[in-house]
Amino acid sequence: MAGILVYVLAKDGEFNKNSLGAISEAAKLAGQLGGEASAIVVGGDFADDKLATLGAYGAAKVYKVSGPEGLAQPAVDAMAKVMTDNGLDVALFGGGLLGLEIGAGLAARIDAGVTMEATGAKADGGKIVVERPVLQDSQIVDVGFSGKAVVIGRLNSFEPNDGVGAAGAVETVDVEFNDFSLKAELVTRGEQRGEDVNIEDADILIAGGRGLGEKDKFGLCEDLAGALGGAVAATRAVVDAGWYPYAAQIGQTGKTVAPKLYLAAGISGAIQHKVGMQASENIVAINKDPNAPIFEFSDLGIVGDLHKIVPKLTEAIKAKKGA
Amino acid sequence: MKIAVLVKEVPDAAVEKRIDSGTKRLDRSGEKNLNPFDTHAIEAAMQLREGGAVQVDEIVAVTMGPESSKSALTKAVSLGADRSVQLTDDGLAGSDVNATGYALAKVLESESPDLVLLGQQSDDGECYAVGAVVADHLKMPSLTQVVKLEASGDTLTCERQAEYGYDTVKVTLPAVISVGDAINEPRYPSLKAIMGAKKKPLETKSAGDVGIDAGKVGESGSKTQVLGLNPPPQKASGELIADADDDIDGAVAKIVSWLDERKLI
Ligand SMILES: Cc1cc2nc3c(=O)[nH]c(=O)nc-3n(C[C@H](O)[C@H](O)[C@H](O)COP(=O)(O)OP(=O)(O)OC[C@H]3O[C@@H](n4cnc5c(N)ncnc54)[C@H](O)[C@@H]3O)c2cc1C
Ligand SMILES: Nc1ncnc2c1ncn2[C@@H]1O[C@H](COP(=O)(O)O)[C@@H](O)[C@H]1O
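Chains as they are written, first to last, in my numbering: chain A, 26 to 348; chain B, -7 to 257.
If we strip away everything but chain A, and leave its shape as in the complex, we get (with noise of 0.2 angstroms):
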């Protein structure tokens, strides 16, 4: 039979929403191919009736593997014995790095094709073919498979939908992980640098990137969002710098929004930033590279240098409030 498998990530207890997006998409394609939509969750303690939920998205069974959670190696052996132990022939993630870390590693596994950055799926003919936007987002190619596939989504291209099925199936699979696969050991997982900020609410972001040149230039933002009553925002680049709070960071190991505005300064506008805010109402952006990626997707670009027009901005937002 075939069938498609969907990789399911968790925390805490709780499932990742891309994820549930991915389940739904698979039962979608998984119509279209004749056949079934399965998920698996390994690790992470999961009561059978909670599992059993992934099947309001699409999952007509639930795999559950007890074993290491938050790596990709462990997952590989799971994903791979149970695709071949039920002749599935499909697998699909919902994005993120784990997704592409054992997506890659199952492809090599089970001798697969693998796509990435897959904002579409559909089936031709009886076979899968995956929309894949390349270059930069400059072209999208179609990819198509012979033999397995692995399709690795971009991160928000897959909505979830719970009202596609009734309870999942669960069933327990005892695997034996390879020796080099536990050879990797979680120390800590999910650490939050910085304090914690509340973006998600916020209806005017101002979001800071490497541009600004040195952590005490958040300072501008800052100034910016008090004078337009918003919250400020950072790409992972200034997290990764130790600038700015991992709570505050938009993209694909951050947070999605979709504020009313959101102005960008000294953003480059890579694809994995993009992902987590391209839903935005009003995007404005201030970048001194007439090329930069960003001005691809902005309502609003200007070319110029922030250091001098940022400070400019704020006083004119604070002039006009006040009058």
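If you are wondering where the hints come from, they were derived from the structure by calculation, not from laboratory data.
For the chain A half of the interface with chain B, some residues (derived, Cβ under 7 angstroms), not all of them: (1) Gly121; (2) Glu126; (3) Ala129; (4) Met141; (5) Leu160; (6) Asp162; (7) Val168; (8) Ser171; (9) Glu216; (10) Asn307; (11) Gly329; (12) Asp330; (13) Lys333; (14) Leu338.
Coverage of chain B stretches by chain A, computed from C-beta distances (three or more under 8 angstroms per stretch; other residues unrestricted): (15) 87 to 100; (16) 111 to 120.
Each computed DSSO-like pair below joins lysine-lysine, with the alpha-carbon atoms no more than 27 angstroms apart: (17) A:Lys36 - A:Lys106; (18) B:Lys9 - A:Lys313; (19) B:Lys208 - A:Lys106; (20) B:Lys227 - A:Lys285; (21) A:Lys343 - B:Lys255; (22) B:Lys162 - A:Lys36.
Using N, Cα and C, we set each Cβ at its ideal position, and we do this for glycine too.
Please build the complex by placing chain B with the ligands on the supplied structure of chain A, with the hints as guidance.
Okay, now just chain B with the ligands, sitting in the frame of chain A:
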């Protein structure tokens, strides 16, 4: 300890990248350069060597690519690698990411490194995947996007950002680690190093030399096929204030009225 660093030749950042509609492959005709993300992997190897916590006996740069990819190796050597290996073979052309990872794993097997380092992504392929593919073939533990790397004995302590925040992971060598671009600030090669790089050993190998199964590589051995090529959906292009620096006050006034019109102030 022996470190192998995977490096790739990619179109230079200044070249506008396009896909050839005939071959459906990347047009590689323009200026080329070492993948900028790989310079962080070389730098990470150098810092392990210079850090002194472990003894690094050798750093080998490894690439798979056409004849021209030698220049990426030379650049890698100027940045600190001791020697380099080029896997080049017409039969490898058109390999997808899984086939590329398999071929690279075969070359690496012939080198038996204790640590394989690579970049977070290739600037042209943007697959973020070669590390995990290589690791599965080599049966080694693996992590990607590592932004802090410490070695002690045969253990690496790695930090990286995943979906829920920062993870700290201990990995036992031999291992395959791809590093994020925040891990370090790559050095510039000295003039002496640039001059000397061409004199360091560069070994060229064919697919047969390293026991690659020809049926698993190249366009015919790849399990993915590019079926079609389309432009992205047309989006109404936004407004642009070019050269704002020439008239800051004017630009600011325009931004304010733009925001005001949309009731954002
Ligand atoms: C698996 C993975 C996950 C990732 N997850 C995320 C994520 O969740 N979120 C995220 O943001 N990124 C993420 N990234 C990283 C992403 O690819 C980019 O590296 C990052 O978004 C770049 O941040 P930046 O725009 O601040 O820096 P840069 O790309 O360095 O851009 C800085 C910009 O500032 C401009 N600039 C410089 N000086 C000035 C000035 N004086 N005035 C105006 N403009 C100026 C420059 O022209 C440049 O365009 C991820 C990457 C990977 C591989
Ligand atoms: N042909 C190649 N030769 C050597 N290394 C490569 C090759 N392709 C990719 N890599 C390595 O794999 C990393 C990730 O590439 P990718 O998975 O294509 O985004 C790059 O930063 C390189 O270190």
